Amino acid sequence: MSPVNSPKVNIVINQPDTANNYQKIDLDGEIDRDTLPSLREELESYLVNFQGVNLVIDLQNLTFINSEGIGYLSDIHNRFVVQNKHVYIINTSPRIMDIFQLVGLNQIIPCAANIEELMNLIKTK
Amino acid sequence: MFNWCKKKLTRKITALLLFIIALLACAAYYFWTIPQELPAYYSLLALAGLVLIFLVIIYKYISRPLRILTKQMKYLLTGKIYKKIYTNRIDEVGIIAQFFNEVTENLESISKKLKDAQRMASELEIASNIQRMILPHENPKIPGLEIVAKTRPAVEVGGDNFDFINRKDNTFIYLGDVTGHGVPSALVMMMANTLLNTYAENYDNLYDIVVNTNRQLKPRIKSAMFMTMVMLKWDQTAEKLSYLGAGHEYILVYRASKGVIEAIKTGGIALGMVPDNSKLVKEQPIELEKGDLVILYTDGITEAKNDAGEMYGLERFKESLIKHAAVYGPEGVTHHASLDFSQFVGEAEQLDDISLIVIKYTGKEKEAAIAPAPAEAKTTQW
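The listed protein sequences correspond, in order, to chains A and B.
Residue numbers for the first sequence follow the numbering used here, beginning at 125 and rising by one.
Residue numbers for the second sequence follow the numbering used here, beginning at 396 and rising by one.
Hints are computed from structural coordinates only; laboratory data are not their basis.
No experiment lies behind these values; they were computed from the predicted model shown.
Don't take every hint at face value.
As the list claims (entries may be wrong) - Pairwise CB distance ranges (calculated): (1) R203/A <-> S673/B: 41 to 51 Å; (2) G704/B <-> I149/A: 20 to 30 Å; (3) G153/A <-> R484/B: 53 to 63 Å; (4) A522/B <-> T142/A: 20 to 30 Å; (5) A237/A <-> K677/B: 20 to 30 Å; (6) E710/B <-> P234/A: 23 to 33 Å; (7) I149/A <-> Y598/B: 42 to 52 Å; (8) K617/B <-> N138/A: 24 to 34 Å.
The beta carbon of each residue, even a glycine, is placed where N, CA and C say it ideally should be.
Based on the sequences and whatever the hints tell you, model everything.
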């Protein structure tokens with residue numbers, strides 16, 4: 125809707141790490157009211173067919189997320205929980221982490237600084 | 396294919412004319428070359444007969460169908476009841492009839508859609524009025540506090556909501572923001588408002604109100620929706636303020652003695668995110684000195700963008716508040732901070748609901764000494 129900057133969100137689906145039993149996806153750009161529908165559309169078919177157990181969402185290049193985006197992440201988490209699957213978030217910028225902490229998302233989806241820290245977190249669980 | 400159709404009627408007339416010319420030629424040949432017993436005016440009669448046949452055919456195939464068509468078109472244009480035209484002709488007359496039928500069908504469908512849209516608009520207006528009735532109409536007069544609240548939904552109805560609930564010596568103040576905006580958010584907001592009011596009638600602490608509200612709200616809303624909220628409790632006797640956060644924006648406290656703003660992370664987790672938030676939320680005190688301001692807001696303010704796509708942001712908002720809090724009371728701070736915000740956003744479309752509540756701790760003595768200024772501004776105006 126913004127006439128000058130039309131924000132975009134990109135999804136990168138990485139090869140599954142079979143040794144550590146996870147698959148990582150990168151969400152880059154901005155997640156807001158304009159970009160959420162396309163993100164949802166692209167990600168849904170992937171999530172429905174997701175065969176693994178651990179999904180790691182890398183937010184290194186995510187610059188903005190609004191409450192609807194947080195709602196979507198929480199929705200993914202809720203759907204995974206009933207299937208005995210797990211969602212994790214890594215590489216959040218301080219700004220995004222601040223938003224997660226405000227809403228409390230980090231209390232339901234485990235967040236880690238990077239993949240190594242996440243692996244330790246899972247092992248110690 | 397269309398050219399063929401176009402030519403068809405012309406072809407018919409041409410063929411008819413040629414046929415009549417041929418008949419006339421035969422008649423002329425018969426009357427003028429072969430010796431006749433019949434009188435000569437018979438030829439004229441024959442000619443008149445042929446012209447009559449020609450006219451009858453023209454009338455039946457062209458004039459009459461066209462008259463029917465124009466009559467129905469006139470009815471359509473003057474708003475009278477018109478009928479569909481049934482024909483299996485595929486020439487120009489058939490095409491016009493078909494076109495007429497299609498246009499009227501489209502018009503009927505447009506008119507139905509228009510009626511539906513009008514009905515929905517009027518229902519939305521009713522919903523908007525109901526929501527306005529739910530939100531406080533005037534700024535409350537609470538002993539020890541001076542409060543000014545403003546809200547503006549992005550569309551007719553919104554997800555931002557707040558209330559001031561008095562129960563014995565306690566006043567509960569909450570500001571909530573449901574994910575998204577519009578009708579879905581408004582429905583959740585109505586539920587949350589009812590639940591919070593109901594539990595505030597039965598409990599005198601923030602913890603029980605919020606934990607019970609969440610327990611009831613969670614199964615009633617879809618997974619991707621939630622409501623961030625901050626709730627305050629003002630103990631009028633002890634003049635103590637406490638808060639409980641449910642994943643909301645910061646509580647901003649303007650310290651009058653120092654002229655600074657302290658941002659308190661509300662903590663907790665948004666309502667509707669987990670079935671049980673009892674381990675995640677906590678009631679905590681806010682120490683206030685007389686003259687301090689407590690500012691509650693929704694992210695519609697900090698996340699608003701101007702035409703250049705630049706976000707208003709917390710820092711800009713805080714600067715504006717500090718500047719005006721040094722000079723004005725809650726009414727003036729709300730007014731001028733709103734102006735600063737509007738100036739920044741300019742003509743950019745309002746994408747989210749925006750709300751702002753400014754609370755000043757005046758203390759009861761001050762209130763007794765100086766009569767509180769009548770809060771004329773309606774809370775729902777921005």
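Each hint tested on the structure:
Remark: the range hint 41 to 51 Å for R203/A to S673/B is contradicted by a beta-carbon distance near 24 Å. Between G704/B and I149/A the Cβ separation comes to about 26 Å, which falls inside the hinted range of 20 to 30 Å. G153/A and R484/B have their C-beta atoms about 59 Å apart, which keeps the hinted 53 to 63 Å range intact. Between A522/B and T142/A the Cβ separation comes to about 52 Å, which falls outside the hinted range of 20 to 30 Å.
The hinted range of 20 to 30 Å is satisfied by A237/A and K677/B, whose Cβ atoms lie roughly 26 Å apart. Under the hint 23 to 33 Å, the C-beta atoms of E710/B and P234/A, about 30 Å apart, fit the expected range. Taking 42 to 52 Å as the suggested C-beta distance range, the pair I149/A and Y598/B conforms, at roughly 43 Å. The hinted range of 24 to 34 Å is satisfied by K617/B and N138/A, whose Cβ atoms lie roughly 30 Å apart.
Hints 1, 4, counting from the list given before, are not met by this structure.
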